[in-house]
Amino acid sequence: MMRKVISGNQAVALAVKLANVGVTGIYPITPQTTIIEELAEMRARGEISTEIVRVESEHSAMAATLGAALAGIRAFTATASQGLLYMHEMVWWTAGSRTPVVMVVGTRAVGPPWNIWNEHTDFTSERDSGWIMAFASNPQEALDLTLQAFRISEDERVFLPMMVGMDGFILSHTKTNVLVPGGEEVEEFLPPRRQPYVVDPEEPLGMGNLFPPIEYMKLRNSIDLALRNSEDAIREIGRDYVRKVNPMGDYSSLNVKYKLDDADYAVVLMGAWAGDAMEAIDKLREEGVKIGMLRIRYLRPWSEREIRNALDGKKAVLVLDRSTSFGRGGPLYVEVKSTVADVVPSVKGVVSGIGGVAVNKVDLYNLFKKFVSGIREDVIWYYPEGVEKVELRTPRDIE
Amino acid sequence: MLEIRFHGRGGQGVVTASNLLAEACGLDNLYSSAFPIYGAERRGAEIEAYCRISDSPIRVTSPVEEPDYVVVIDPSLLRISKAVFRGMKTTSKVVANYSGELQLKWRTFTINANKIATELGLVKSGWPMVNVVMLGALVRVMGIPSLEALKRAIEEEFEGRVAELNAKAVEVAYKEVKENYVLA
Chain V
1 MMRKVISGNQ AVALAVKLAN VGVTGIYPIT PQTTIIEELA EMRARGEIST EIVRVESEHS
61 AMAATLGAAL AGIRAFTATA SQGLLYMHEM VWWTAGSRTP VVMVVGTRAV GPPWNIWNEH
121 TDFTSERDSG WIMAFASNPQ EALDLTLQAF RISEDERVFL PMMVGMDGFI LSHTKTNVLV
181 PGGEEVEEFL PPRRQPYVVD PEEPLGMGNL FPPIEYMKLR NSIDLALRNS EDAIREIGRD
241 YVRKVNPMGD YSSLNVKYKL DDADYAVVLM GAWAGDAMEA IDKLREEGVK IGMLRIRYLR
301 PWSEREIRNA LDGKKAVLVL DRSTSFGRGG PLYVEVKSTV ADVVPSVKGV VSGIGGVAVN
361 KVDLYNLFKK FVSGIREDVI WYYPEGVEKV ELRTPRDIE
Chain B
400 MLEIRFHGRG GQGVVTASNL LAEACGLDNL YSSAFPIYGA ERRGAEIEAY CRISDSPIRV
460 TSPVEEPDYV VVIDPSLLRI SKAVFRGMKT TSKVVANYSG ELQLKWRTFT INANKIATEL
520 GLVKSGWPMV NVVMLGALVR VMGIPSLEAL KRAIEEEFEG RVAELNAKAV EVAYKEVKEN
580 YVLA
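Top line first, the protein sequences correspond to chains V and B.
Residue numbering for the first sequence follows my numbering, beginning at 1 and increasing consecutively.
Residue numbering for the second sequence follows my numbering, beginning at 400 and increasing consecutively.
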């Protein structure tokens, strides 16, 4: 292992290199673009032999990546925001075809109005597509999860594509200390590619034709089962990763607890702001407030067992969403509430950090304090201190 | 943990400065993180970037609001920017690219980085490139990372003559930075 100071996007590019990816079909979009720039530079220096297929849109990026994967090649792509939305049809096609593929999403708000900054709505919008979905909280985890994603996706118990989210700019462009594994360690961890079937031009077959309803329903049923059953495979692969690649990591569970076991109050969130949340929790703990955190690392599979066990018996749970499910607060809130409503008396939701609004440890401390003393509404939109709360308007009014 | 905030303008290498500092700290086996606030940046627009340095892993990912050090890369910001001194603590220090003496509320260190860059020929598109020069001054004031680590990070980031000139520039700034004493 080598310790380097690199960005989240550089960490992902190194994972792609270490995984010996054969093909990447890709189209640039901020804040993901430096992944592909990094890969192109590696290719120019002769460090990788990955075929970089430049296409005219994200829809084609996934189509090209899926095409290579169907032919038996380890394939990768990355996107964000409008790019992921434009790719949506092929995202579903990839899961439906049960083809192992890995994609990284450098999360970013969705327009209009135009916004390049971080939130998770692009990522969470794909939660029903049948992909395995993990989310990193620092560049190290982005590297680790990307490497694990190839093995999880190619595991015969899973055989589903996997996407890894990371906060746009906040992780994709932050340079920090990352332990970069060596090729030998990864080789021991990552076996040669497996997939349910390979499309071979020498042996033509008919696929994707009109399918009888009952057979279609059985295929959908099998995706649901594969996603539910992937939990065990993910834990096993996570433990093997720690053993063979990064002994400093903890991947024995899907989700991550922080000072939670003895806590009366729990906050649930996903992504980079877990760092500031831990600082806020430490401060409240010093003041005698028994509060802890559950960080969702896997949105899919949604580990009901882990999440119920973690939150059972808490006085109240606060779910922070950096994404929106309009009219329902945020998607994490809806998921957590449906999972623990019968074992936790109070589950509240907070939508914040939308469109790149910075939420730091002081803001989170204030929010958590408010939560512990009791929030009346089911869902609130939380604006950090110093933001002048103006009358809400439509874009047209503002113009 | 030390928290540093860089203030400059688009095109002055503000982001590169914070990245280089983080990389140099990594070479000295310290933990560090560096990032800017991205926007639709244009040459000349006000830019800020952040760096954190610690002897344990850094968890915080939000912008630096209470800096221990503020580095002013563009002197004109001292006059016109409202952002430069926000969140300063009584113990915070200022390291500024400035040709004269500054009288501020905080311990203040100045270095004429424009002059150093111009004399060495570190000029790009008509602007003296002072970003790396300022790091020489900052490293002297903070005491970490080592000047050697900074020079190694420069060699990894730049090539050929630019690397050579920048390495020379940080040495000069390291020697010449001076504290401005407030007259009682």
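Hints may be right or wrong, so weigh each one.
Unchecked claim - Here chain V is said to cover these stretches of chain B; the calculated rule only asks that three of the stretch's residues, wherever they fall, bring their Cβ under 8 Å from a Cβ of chain V: (1) 414-423; (2) 427-436; (3) 541-551.
Claimed, not checked - Derived lysine-lysine pairs resembling DSS-like cross-links, with alpha carbons at most 27 Å apart: (4) K514/B - K504/B; (5) K567/B - K504/B; (6) K523/B - K574/B; (7) K488/B - K369/V; (8) K315/V - K369/V; (9) K4/V - K488/B; (10) K283/V - K523/B; (11) K283/V - K370/V; (12) K567/B - K577/B.
Just so you know, these hints were derived from the structure itself, not from any lab.
None of the values given here were measured: they were computed from a predicted structure.
Every residue, glycine too, gets a C-beta built ideally from N, C-alpha and C.
Quick rundown of the hints versus the structure:
| no. | hint | result |
| --- | --- | --- |
| 1 | 414-423 | holds (count 3) |
| 2 | 427-436 | holds (count 7) |
| 3 | 541-551 | violated (count 0) |
| 4 | K514/B - K504/B | holds, 26 Å |
| 5 | K567/B - K504/B | violated, 32 Å |
| 6 | K523/B - K574/B | holds, 24 Å |
| 7 | K488/B - K369/V | holds, 24 Å |
| 8 | K315/V - K369/V | holds, 14 Å |
| 9 | K4/V - K488/B | violated, 32 Å |
| 10 | K283/V - K523/B | violated, 47 Å |
| 11 | K283/V - K370/V | holds, 14 Å |
| 12 | K567/B - K577/B | holds, 18 Å |
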